[in-house]
Amino acid sequence: MLSTLIAPTEGTAEVAGHDLVREPRRIRERIGYVSQAGGVDEYNSARANLTLAARVNGIPRAETASRVDEMLAAFELGDFADRPARTLSGGQKRRVAIALGLVHRPPLLFLDEPTTGLDPQNRANLWDRIRLLRASGTSVLLSTHYLDEADALCDRLAIVDHGVVVAEGTPAELKRQVASDVVTLRLAAADDAASPVEEAAALLEAQPYTREVRADGELLRVYLDDGEHALPSLLRVLEDRSLVIRSIALDRATLDDVFLHKTGRSLRDAA
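Converting from the sequence shown to my numbering requires adding 4 to each position, the first position being numbered 1.
Treat the hints as calculated values from the structure; they're not laboratory data. Be careful, since some hints might not be right.
Between beta-carbon pairs, the in silico distance windows are [said to hold, decoys possible]: (1) A77 <-> A128: 15 to 25 Å; (2) E74 <-> D132: 32 to 42 Å; (3) A128 <-> T13: 31 to 41 Å; (4) G94 <-> A139: 20 to 30 Å; (5) E243 <-> V170: 18 to 28 Å.
For each residue, glycine too, the CB sits at the ideal point set by N, CA and C.
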């Protein structure tokens, strides 16, 4: 709807400074859109696809060739620029598709499930491309079912469940709201009768970053906010009391935890 492909039934929104209801054409001039299908003509080359996209988006004929070359270079497509798209790999075709959405230099790019079906290497490469777009000043609106992808790439995100936004914020904010990082400790037995687990639990419960402490036999689980930053302080507290740590593990809160908390089910169940 925000890309103007579907007219809103009610309400309004502003995209790239223009009203969605009154100025859809102006919006289309200022956005790029890459669908999950990609929109690449399989029987034409990357160069031919980009040339057509440039002309459709109003690039003057005199500038088209240089703009196409710019996109081919930016997405490292030069070595196979003139091969039919059907001969390219999935990752290469996805790069062509994103280049098509950027050939007219829009300030805002919509990416719909850009890494679906890609192998891990091509997925990682595409993540790097998206990060470069952000760094260059292009705003990217990304829709994805991969929560690790949203966590890695998004400055802000919204979780949509059955058409309703149920959570919104930075990844860190959302994880702090509903989930804790967990530090799991295994302590060395003490020489005296005192239990190191009980002593450590009492010490750590008093720390400002601690949400909860649970003892489980020889293990101590500490639930805390922002475990990466709290961990050095936690270790100092134990070392100051000469408590010896045999093993330690930090499990970070994830957006899967957030999704489960907000919707009552995992993303796999929701798909």
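Go through the numbered hints given earlier and state which of them the structure violates, listing their numbers in rising order. 2 and 5
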